[in-house]
Each structure stands twice: as structure tokens, then as C-alpha cells.
Amino acid sequence: MDSRKPTGDYEVIIGMEVHAQLDTKSKMFCGCRADVFGAEPNTLVCPVCLGMPGVLPVINRRAVECTIMTGLALNCSIAEFSRFARKNYNYPDLVKGYQISQYELPLCHNGWLEIEADDTTKRVRIERVHLEEDTGKLFHMGTYSLVDYNRSGVPLMEIVSEPDMRSAAEAYAYLTKLRQILRYLGVSSGDMEKGAMRCEVNVSLRPAGTETLGTKVEIKNLNSFRSVKMALEYEIQRQAEILDKGGTVEQVTMGWDEERQRTVVQRSKEFAHDYRYFPEPDLPPLEISREWVAEIRAQLPELPDAKCDRFVAQYGLSVYDATVLSAEREVADYFENCVALYPQAKTVANWISGEIFRRMNEAGLSITEIKVTPQGLAGLLNLVEKGAINLNTARRVFIEMLESGRSAEAIVAEQGLAQMSDIETLERIVDEVLAANPDQVQQYLAGKETVARWLVGQVMKATQGKANPQLVNKSLSEKLQALQRLREDKKSATHL
Amino acid sequence: MKLTREEVEHIAELAKIGLTEEEKALFQEQLSAILEYAEMLQRVDTSAIPPTATVLPLRNVMRPDEPHPSLPREDVLANAPQSEDGCFRVKVILES
Ligand SMILES: [Zn+2]
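Residue numbers (the working numbering), protein chains in the order written: chain A, 1311 to 1806; chain B, 4 to 99.
Hints listed in this document are in silico derivations from the structure and should not be mistaken for laboratory results. Glycine is no exception: its CB is placed at the ideal position from the N, C-alpha and C atoms. A hint or two may mislead.
As the list claims (entries may be wrong) - Pairs of lysine to any residue, SDA-like flavour, derived with a Cα cap of 25 Å: (1) LYS1447(A) to LYS94(B); (2) LYS1487(A) to LYS1397(A); (3) LYS1406(A) to LEU80(B); (4) LYS1397(A) to ALA41(B).
What the hints assert, rightly or not - Here are some, though not all, of the chain B residues that point toward chain A, as calculated from beta-carbon distances under 7 Å: (5) LYS5; (6) LYS19; (7) ILE20; (8) THR23; (9) PHE30; (10) PRO70; (11) LEU74; (12) VAL79; (13) GLY89; (14) ILE96.
Given these sequences and hints, build the entire structure.
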């Protein structure tokens, strides 16, 4: 990819359609459980989501709230009057021969999302956010296919952007930001690998400086953030090469072939794109009162950008630290809960982005799953602050805490790790170390001052790392200076 | 309003129905007759009537987000012509 020529002569136009499963307890129009991932096939279905004749769907209020909340977070206008529509097509994953969706009156429209990419900040306009139901899942078995309808009727939110993105990096930033917000709101896990978030992009190129729109190519089957970026980079290059040669880009639907790392033309599904939308007669329309919208707005959590700004202002964090800590709501909460008990924000930030993130990455755990709670971390840091343990010991204790989930105090007490701050004992050990290493002492006295650090190391070793390093340093440098004076006194005595 | 033969073929395709040549001619007549019948509505003066998608006086019919038990799988698959491994078995679906 790197060896290919850049596409500076063309302007890239990217729009995105994102489907996100809502984390409701029940499905969109029936009471079946909505957390269907991993469930045995066809065990979470009922006459409604199986599309049996004579059944009536009933709208899940929470799903509507989640969608309105998302619309508000994306700066959308919320419709005063909204209704569902039937999207008609025949495919075995669709039980009724139509999908209940929204067409001309979506719940939310005309919003925007601010993204940062290529060192600039820009707004991507949101055309609409609407609510629909998911379809079943097909398994292709070669000579036949199998269908699992558990996913049928799971609430699905569709978020459609305007074609405002101009590079693969911007599209990636948009998707990342969108997922971050959905997670902050708690409306969707945004987990692409589990299919909880699905993405379709359309991309076209036009000669830079012109206004005519090029032929749009749609790319589907993007099931990871990485594949969205790779597919777009590949497709932009592919179209640029066609245009370079004076060719025309065909309007097709592509898929991303993960193995071959290229986009491939997908055979169109065997139905024409003629959905014959009409208002869903089984569902009375929604009149969304401004009071209800205000209620939902009041439930909006602090969003990532606002939280990041506040972390800088309130805790004096760098923009970088604040961005890292506000990326996920759980991490931000962890940070603030810890700082409430140990008010040195920078130290807490360093421990989270260092030791805690390392553990999360190694073990593949989220911050709420690791065994050290914010209270636990604050307890550990307070022990360091009080001088009860030194930093080296703190790191050892932390690892122990990660394994056992016990408190720092308990581990320190049980293992006798408390820092050795008793001057007399330390001075005795320093004397012993000096006596045991006459050669190194001579080197120091001869001017090789780095040896002092080695001697500190020996004292730490003799105390199993428990010695208070400040006290060791102080004692050792006093004693070495005394030896130095003694030596100089001797020298001048011989000259007399 | 008379449907063309192509329109009948398109409708059959959308409905995934295979039609013989005789059936196409037959349905062209029958569907056109139905459309003509419905076309009578076009003669009603609706200039003073606001457009609507529903005739029911209902709004905001919603339920709380509470899960209920689903059907036992034996019942789910009871009427399926074919099933396998807890799934509905259908004819091969060609994709890419
Ligand atoms: Zn159901």
C-alpha cells in the first residue's frame, strides 16, 4: 500500500451508515431478551419476532429513549412526530417479508459530530438517526442454509452521516468517536467483533477543486475498526488508479476480503432495491413531547469532550493525560473515584495509564474487571505518601493486589514490607555495607562518585528493598563524606 | 391504468414468484383490474382532508423494557418444513 502513489489529485468523499444494537433488556417489538449474543439458536424468539400471522408489535419505550438520547448527544433535532415504516423485501433472514424501520419521519435528524483527524478538528454532519429491528442470521452450509432468528427484532439504531469525510483517517476518527459516545451513553456496546455495531461506507472520488460527484461505491462487511480503515485506503487507491487511466468507476457494492486485504465486488442480493416503503399500519405514530425530550436530556451523562476539558481545568492534567483518561467512561470514573481519596491527580493519572493499563492489556480485562479498585489504588498511594512503603515496594504490592484483590495495608502488614525508616538500624546496615566493600569505598574516595549509587543498591538489597531510600542516601553520603575528611586530614598530617 | 408485462415480471420478482407466460398475461389483466377498482378513490375530493397514515386515534403506544420468556424451541421449529441443529433449514442462499 505504501508504495502506491498518493491521491492528491482527487478529493475523497466518504459517507457512513452505522448500525448499532441497543443494549435494551427486551427486543424492539416483543418481550424476548435482546442480549442474544452466544445464545443457542432460536431460543430467544416468540410469535412476534418470528413474524407469525395475527401478532401485533408494541414499541419498546426504552429503545425510543436510547435513540433520542443518541440524537441529543449528536446535536440532532428530535422529531415532534415520528413513525415507523415497512421496508419490503424477501430474504430468508427476514421473517415477515418486511423490516420495520423508519423512512420519512425518523426520530432524529440534522445533527453533527466533531472529530479530530489529520491534526484538525471538523464537524461531520449527521443526516439522521432512526430506529429499526434487526434481522435473523444466516449460516451458509454449501448446498443449503440455516437460519437462527434470535437476532430478529433486536433494536437497531441506524446513524447516517452526510458525505463529509475526506480521508480514511477521518472516517476512522468518526467511527471511533461515535462508538465512544454510544458507550458513554450506555446505549450500545459498540462491539464490532460481536456484530453489535456494523458499518457501511460509501466512497467516491472527484478531481480536486470540482463540485461534480463521482460514482459512489458502497463497502459492506466491515467488522472491525481496522478493516474500515484498510478497506477505505484500498478502495480510494483503486478508484484513483482507474481515474488516472481515464477509466470510469462502476457503481457497485463491495465487500472487504480480510485474507486478501482487498475490496471485492459482491454479487448483489437476489432482490431488487425496490423497498416499497409505506407507513407501518400496526404501530400508531409517536408524538414526542418536548417534556419527554427534556427529561431525556437531563439524563445525558457528561460526554467525552466535556469531560476531557474539565479534567484539564479541574485537575491540572495535560491535554494528553485528560484525553487518555476520558476515552472511556469507566476509566474516567475510576480516575475520579481514586482522586477523591488520594488528591494527587497527576500521580493517579500516571498509575492508571502505566501500571493499570498494562495489566488491562496483558489480561484482556476492562478497568472494572481488574481486582484493584480505585479505593485500593488510593490506599496504596497513601501508604507511599505517608512513607510507610517506598515506590519499589509499592510496585511489588500492586502486583500482589492485582492477583489477590487484597488491600495494600493487609499485604504490607502480612509480608513485613513496611519501609525501614528506623535510623539506628539503617545506620548499622550502612556501616556493615561499607565495611564489607572496602575496594568500592576506596574507588569512591579516589573520585569515582558513581560508586555511591552502587552502595545504595547494596543497602537496599540487604533490606530486601524495604529501606527508606531518602534515609539511606542521607546516611551513606554523610558517612562517605566523613571518610573523605578523615583521608584528607591524614594526608595533611603526613605533610607536616 | 394498465400494467405492462414488465411491471408484472418485476412484481413477481420482488415477491420471488415464478410465473409462466400464461400466468403473466392472466395477472396482467387481474392486477390491472384491481388497480382500476382502487383508482376510484382518486375521484374523491380530498382537498380539505389532511393526509394521514393511520385512521386510529392512538399515539405513543409503548411498553416498558421488560423481558418475558420466549417460546420453547420445539414449538418454534414445530411447523418448519426442515430444521437442523436448532435452526430453520432453507434452500441455499447465494452470496458473493
Ligand atoms: Zn420475540
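Here's how the hints hold up against the structure:
Distance check on the hinted pair: LYS1447(A) and LYS94(B) sit about 14 Å apart at the alpha-carbon level, within 25 Å; holds. This hinted pair does not check out: LYS1487(A) and LYS1397(A) have alpha carbons roughly 29 Å apart, beyond 25 Å. Only pairs whose Cα atoms come within 25 Å are accepted, and LYS1406(A) paired with LEU80(B) is accepted, the gap being roughly 16 Å. For a cut-off of 25 Å, the pair hint linking LYS1397(A) to ALA41(B) stands: about 22 Å separates their Cα positions.
The beta carbon of LYS5(B) comes no nearer than 20 Å to any beta carbon in chain A, farther than 7 Å, and the hint placing it at the interface is violated. Of the supplied interface hints, the one on LYS19(B) holds, with its beta-carbon coming within about 5 Å of a beta-carbon of chain A, less than 7 Å. Look at ILE20(B): its Cβ only gets to about 10 Å from chain A, farther than 7 Å, so that hint breaks. A cut of 7 Å between beta carbons decides the hint on THR23(B): the least distance to chain A is about 20 Å, and the hint is violated.
Look at PHE30(B): its Cβ only gets to about 17 Å from chain A, farther than 7 Å, so that hint breaks. Using the Cβ-Cβ criterion of 7 Å, the hint placing PRO70(B) at the interface with chain A is satisfied: the shortest such distance is roughly 4 Å. With a least beta-carbon distance of about 5 Å to chain A, the hint placing LEU74(B) at the interface is held under the 7 Å criterion. The restraint placing VAL79(B) at the interface with chain A holds, with a minimum CB-CB distance near 5 Å, inside the 7 Å limit.
Among the interface hints, the one on GLY89(B) holds; its C-beta lies about 4 Å from the nearest C-beta in chain A, closer than the 7 Å criterion. The interface hint given for ILE96(B) is met, as the beta carbon of that residue sits about 5 Å from the closest beta carbon of chain A, less than 7 Å.
This entry does not satisfy hints 2, 5, 7, 8 and 9, going by the numbered hints stated previously.
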